[in-house]
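**Student:** Listed below, chain by chain, are the residues.
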Amino acid sequence: MRKKIEPQQEHEKRVVLETIVSLLPREKNALSVSFLSMLLRAAIYLETTVACRLDLEKRMAAQLGQAVLDDLLIPSYAFTGDTLFDVDTAQRIMVNYLELEVDGNQFRYNGNEEHVSSSSGDLERVGKLMENYLAEIASDRNLSVSKFITLAELIPEQSRVTEDGMYRAIDIYMKVKELSLNLKFSFKAQTNFIHK
Amino acid sequence: MDDWCFLQFPLVSKCGHIRKLVSESSDADLTSVELPDCPGGAEAFELAAMFCYGINFEISTENIAMLRCAAEYLEMTEEYAIGNLVGRTEAYINEVALKSLAGAVSVLHMSQSLLPTAEKVKLVSRCIDAIAFVACKDSHFSMLGRLSDSKGLPSSIATHPKPIVDWWAEDLTVLRIDIFQRVLVAMMSRGYKHYSLGPVLMLYAQKSLRGLVRSRSETSRLIRMLLLSFLFFFFSHLACLNKLFASGGIWEDEEEN
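Chains as they are written, first to last, in the numbering used here: chain A, 35 to 230; chain B, 22 to 278.
Isolated chain B (complex conformation) (with noise of 0.2 Å):
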């Protein structure tokens, strides 16, 4: 648990959950609050206490979701103080985040170590539309879809069409498993053909059950056929070697002479 010391004016006139605490509190001469579960943690307070103060930094995908949930948790809204956190970070991510696929996913993935606020928000799932959204509209395998169903093309085509990984295929590898089906049930619903998903599913695997299973390599095979072919040589000779000693052999003449 860190420990900050802040003057108390700026973050009680912004933070309505700060706010609430001190007025709460039984002690008149209240010099510190606890702040547990913030979501983001130290790093995320940091950010809004700096917010409150007016200093500037730079929101990016990587810290919005951070400081949209940290936001949400201490209650900085248009309620406590005009152009407060909570509106900077919507404007954020409907404007500049959520407009891209990469930025949807990066935001979406760092929203994975922020639930449950994350969902509260509507994080979560504007992000996986985004995605989905994005994924349909650039991808030609909706298009496809839709081509052969009008029976427009050669039917070589419309039979067998070789799916291609699309060029988003990869960034979606970094999601967890839940996050990762519901953004393909979600491009599946806007219309994706689930024909067409097999090379993502296929890269998400590949991926994360990498290093469990050694496909089959030819070396231990031809371990195998060696010391088969060994063992058929080596018992050849002691089957020589066996009726030499059973039948007595030289020995036994030997001694009676």
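This is chain A alone, in the form it adopts within the complex (with noise of 0.2 Å):
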């Protein structure tokens, strides 16, 4: 995806966004995730500091209980024949969560109010999150194998009830292999057939 902005508005839109992003309130849930999304879309694409994605990336990990399969799903923007999505980012979110949740549940023994620590409820929702986006990424043939895998490792145990999620994102994307690997050889036996 080709960058249709100039220079100078782009580098104007960076300062803004930096700008907006540091005014940005520290308490959970004064912002929506969708809106935290959008500004890290916006973030990537304008390619700002990174601590600034970064800080995002951490908003809404704390928040990630609350979003949507389309609020993961960031278009990635590299030039090369890469992944649709950036999948890189929504690992480090996920990641993140899965931190925040170790110490949730630390500070919840130790009596700490402050903390705000997520419900197994919430662990249940997030991991059904990531095996949707599992999935979705799944049908993208550029994706790695390991970056597949390392994606399913991420995914809690104990946030699944059904094996159900798991089954068919591996399903999908053992066809997807399965199906661009095929293609190559068909073609390749078309073409051999005509030069006999």
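The list that follows gives simulated cross-link-like pairs (lysine-lysine, BS3-like), each with its CA atoms no further than 30 Å apart:
#1 A:Lys209 - A:Lys162
#2 A:Lys222 - A:Lys209
#3 B:Lys143 - A:Lys47
#4 A:Lys211 - B:Lys264
#5 B:Lys228 - A:Lys47
#6 A:Lys62 - A:Lys162
#7 A:Lys62 - B:Lys158
#8 A:Lys209 - B:Lys264
#9 B:Lys228 - A:Lys92
Please keep in mind that the hints were generated in silico from the structure rather than gathered at the bench.
Build the complex: two chains, separate frames, hints provided.
**Tutor:** Laid out in structure tokens, this is it:
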């Protein structure tokens, strides 16, 4: 996806975005996850400072329980034949969420009221979200096996009530891999036949 | 550059800057002076000149910023004439323009193109203060903060108040980002709860980043799904055809016969 924006304009919008992010309230739930996702997309597109993008990723992670699939499907702006979606960013958000979950559990036992820790219902919801995400990006033939496995292993076991979601994602991934391989072979076979 | 023809006296008597230019000039028969960098340009100068000639015109929030800045540049102070333009514009600013939030925002917006003079005459900082003052006074969120601190409200409201967009939030979106930032910081200094700034920030972001990033549409997803299904379908038929040709199929049989 090529940029259609003037460099001067791009610079101005970059400053605007970085300033807005610096002004965002610290409190959870002050802003919706969808809004944060929109800001993150813009930040990636405008190539703001990494600090700005990481800040937004952390904020999204803190509210991941409220997120929908669209919020995680951030387009990749790489020029090369990379995946359609920015998988690394989504992965970092998920990792952040899991780290917060762990911290939250520790605080809960200490009776610390300050840290608002998510309930196990939240965990199940996020687990399902991650599975849906996995299924969605599984259809991208540029997704490497290692990347797929890394993401799949992130999904916490406690959140998996059934294995349906995981099975579906793996199924899609394997079908797509098989399809792209077979397409290569079939075209090769066709050309061989023609040249005989 | 515009050329203006004026009678010398009214301008020289009221504009310290022009008086100095004339007196410092070595040319005895000086017929023209240059006024580069006059804040507000020709439009502002015309109004200032009209003032010098005693011609009435309306001062409003739209022109007050350029008038004040032009008056500053031309040194139209009490030193040169009683009731001069600097004093008149100051009176309007304090008594009218900064009394309402809309007025203050309008003046601030105009000031953006009148820097650095607008900063020099403290117009920018006064506008920011006025906006912060009115916003905090009128908003229920500085009040809500105080109430929740005293634990007077039920816990559900105190911990999860729903930020509503204040009536002035839209007005602030016309401001440049650095000025906007200063306004918000001023508001927080006056006790406005940071949490409640969410909606204002959202509005500003939506306005300035509009058209930059399109949200993922359902149609693009549908198209991808359709393409995928088509490819599966295509491949399954291709496999059949391949098997047919690879084994030789009907043609070899015909040849042998």
